[in-house]
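Peer 1: Next come the chains, spelled out residue by residue.
2 protein chains.
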Amino acid sequence: MIDLSKIATKPPKGTDKGDVKALTEQYCKRIGELNEIMRAQRKHSLLIIFQGMDGSGKDGAAKNVFKDCTPFNLSVYAFKKPTEIEFAHDFLWRVHQQAPAKGDIRIFNRSQYEDILIQRVHGWIDEERVKKRVAAINAFEELAQFDNNTTVLKFCLHISKEEQEKQLQERIDEPEKRWKHNDGDWKEREFWDDYMRCYSDAINWSTIPWTIVPVDDRWYRDYVIAKKVCEAMEAMDLAYPQLPKK
Amino acid sequence: MIDLSKIATKPPKGTDKGDVKALTEQYCKRIGELNEIMRAQRKHSLLIIFQGMDGSGKDGAAKNVFKDCTPFNLSVYAFKKPTEIEFAHDFLWRVHQQAPAKGDIRIFNRSQYEDILIQRVHGWIDEERVKKRVAAINAFEELAQFDNNTTVLKFCLHISKEEQEKQLQERIDEPEKRWKHNDGDWKEREFWDDYMRCYSDAINWSTIPWTIVPVDDRWYRDYVIAKKVCEAMEAMDLAYPQLPKK
Numbered sequence: 000m001i002d003l004s005k006i007a008t009k010p011p012k013g014t015d016k017g018d019v020k021a022l023t024e025q026y027c028k029r030i031g032e033l034n035e036i037m038r039a040q041r042k043h044s045l046l047i048i049f050q051g052m053d054g055s056g057k058d059g060a061a062k063n064v065f066k067d068c069t070p071f072n073l074s075v076y077a078f079k080k081p082t083e084i085e086f087a088h089d090f091l092w093r094v095h096q097q098a099p100a101k102g103d104i105r106i107f108n109r110s111q112y113e114d115i116l117i118q119r120v121h122g123w124i125d126e127e128r129v130k131k132r133v134a135a136i137n138a139f140e141e142l143a144q145f146d147n148n149t150t151v152l153k154f155c156l157h158i159s160k161e162e163q164e165k166q167l168q169e170r171i172d173e174p175e176k177r178w179k180h181n182d183g184d185w186k187e188r189e190f191w192d193d194y195m196r197c198y199s200d201a202i203n204w205s206t207i208p209w210t211i212v213p214v215d216d217r218w219y220r221d222y223v224i225a226k227k228v229c230e231a232m233e234a235m236d237l238a239y240p241q242l243p244k245k
Numbered sequence: 000m001i002d003l004s005k006i007a008t009k010p011p012k013g014t015d016k017g018d019v020k021a022l023t024e025q026y027c028k029r030i031g032e033l034n035e036i037m038r039a040q041r042k043h044s045l046l047i048i049f050q051g052m053d054g055s056g057k058d059g060a061a062k063n064v065f066k067d068c069t070p071f072n073l074s075v076y077a078f079k080k081p082t083e084i085e086f087a088h089d090f091l092w093r094v095h096q097q098a099p100a101k102g103d104i105r106i107f108n109r110s111q112y113e114d115i116l117i118q119r120v121h122g123w124i125d126e127e128r129v130k131k132r133v134a135a136i137n138a139f140e141e142l143a144q145f146d147n148n149t150t151v152l153k154f155c156l157h158i159s160k161e162e163q164e165k166q167l168q169e170r171i172d173e174p175e176k177r178w179k180h181n182d183g184d185w186k187e188r189e190f191w192d193d194y195m196r197c198y199s200d201a202i203n204w205s206t207i208p209w210t211i212v213p214v215d216d217r218w219y220r221d222y223v224i225a226k227k228v229c230e231a232m233e234a235m236d237l238a239y240p241q242l243p244k245k
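Line by line, the protein sequences are chains S and E. The letter at position 157 of the first sequence is residue 156 when you use numbering that gives the first Met the number 0, and the numbering goes up by one with no holes. The letter at position 54 of the second sequence is residue 53 when you use numbering that gives the first Met the number 0, and the numbering goes up by one with no holes.
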């Protein structure tokens, strides 16, 4: 059983930043190549889920790791507060619509997990409903896997409370980051321990495994994610379609 | 365990057509009234699924039973052969999008069950995938129930092979029914026994129960469905919203 509060948010000791950055660069290039084959073959799909506290670097991870991919078949969907019409449906209704088509990579910036994180931390739903939602999430992810050749990769971007403060403060201090500032983020920070507990449960209750990414150093974040994504894509049987034999 | 091939397609002996039609009329009126409260309250939703062989009267059931409802919050969605974009997703992708919003009644003319009926009868998917799809369907219906106050009512419109022939022949003989004629329906008819077996399995593997409707006599079909729908709506805690207390 995973307890996030006991897991490192920094790279293992002795990790060489230069080496890691060179490797990351290679992974990114290869992801770009494989993405192009996915697009041509239209057989496999890839769903990337980024979850993490505010300031954990979800945007940056999407930007850096997939920098060599084209937008033809790669897209990001950021889940915000549900709209009125979304609230009038089950919590997976809006999520399912955004599932990737065959041939596509879809990145979720936040996801269905918010519905058992923020909603649970604040007690907006009871524990019975949490359990049922967990089962529904597992069923949804398995469905994508078995019925649409979707590889589901889930990343928990794990930041320390100190590093988060630094990140949130930068959003106040630096003009080009100010658009990301939100008083609410500082408020949510007060529920830190509850979030760690609920994140840990979400990870432990998943049938499809998570990757926990230490993100205090952004270069290490990119490395862990790029490696995982690249390996998962190499494991697909990707091939350019050829002319039919005469 | 249900074996459809052993279940009657005609009303029980001694059923009085006049009495039944009068009762049906009362149920329909009441459904109309309750539908209006659902619309005002926007708390409950109702998903009606009609499955049945060609000519079993799915259209007619929708038309007759809900005749006193307004289209403000009642709609029918007919699932046809999947489009290219639908085929590029898991089988529930297009279905989930059509789930009713709170306050609405949504009628599915055919449904997710086609994906374990026609596809199974013709061997387009293997039995392992059938089992997984059954689990996914159960999870999907339970999700609608627990997370969106959706009452899910599933009707298997059960017709005899003889009556079906009569219905399909009418589509050739009667000018105003001719638009419904399809050579493919006569072809599917050859797989009758396989369909009965697959329908029986679909019913037996469901967690949310089905109502099997004998449809050889259309007045009895309407009665069984109207009664079930009306009782299900009466069981919701429907009430017009009132002005807030001062």
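It is possible that part of the hints are untrue.
[What the hints assert, rightly or not] One-sided excerpt, in silico: chain S residues whose CB lies under 7 Å from chain E:
1) 21
2) 88
3) 183
[As the list claims (entries may be wrong)] Reference listing, derived: stretches of chain S covered by chain E, where coverage requires no fewer than 3 residues with Cβ under 8 Å from a Cβ of chain E:
4) 91-98
5) 125-133
6) 140-151
Because the hints were derived from the structure by calculation, they are not lab data. Just so it is clear, CB atoms sit at the ideal spot from N, CA and C, and this is done for glycine as well.
Peer 1: Tell me whether the statement that chain E covers the segment 125-133 of chain S is true, taking a Cβ distance below 8 Å and needing three residues at minimum.
Peer 2: It holds, with 3 qualifying residues against the three required.
Peer 1: Quick check on residue 183 of chain S please, does its C-beta sit within 7 Å of some C-beta on chain E?
Peer 2: At about 25 Å, which exceeds the 7 Å cut-off, the nearest Cβ of chain E leaves the hint on residue 183 of chain S violated.
Peer 1: Verify this for me: three or more residues of the segment 140-151 of chain S with a beta carbon less than 8 Å from a beta carbon of chain E.
Peer 2: holds (count 7)
Peer 1: Grab the minimum C-beta distance from residue 21 of chain S to chain E and call the hint holds if it beats 7 Å, violated otherwise.
Peer 2: 37 Å, violated
Peer 1: Holds or violated: the segment 91-98 of chain S covered by chain E, criterion of 3 or more residues with Cβ-Cβ distance under 8 Å?
Peer 2: It holds, with 5 qualifying residues against the three required.
Peer 1: Can the hint on residue 88 of chain S be confirmed by a CB-to-CB distance to chain E that is less than 7 Å?
Peer 2: 6 Å, holds
Comparing the model with each numbered hint stated earlier shows that hints 1 and 3 do not hold.
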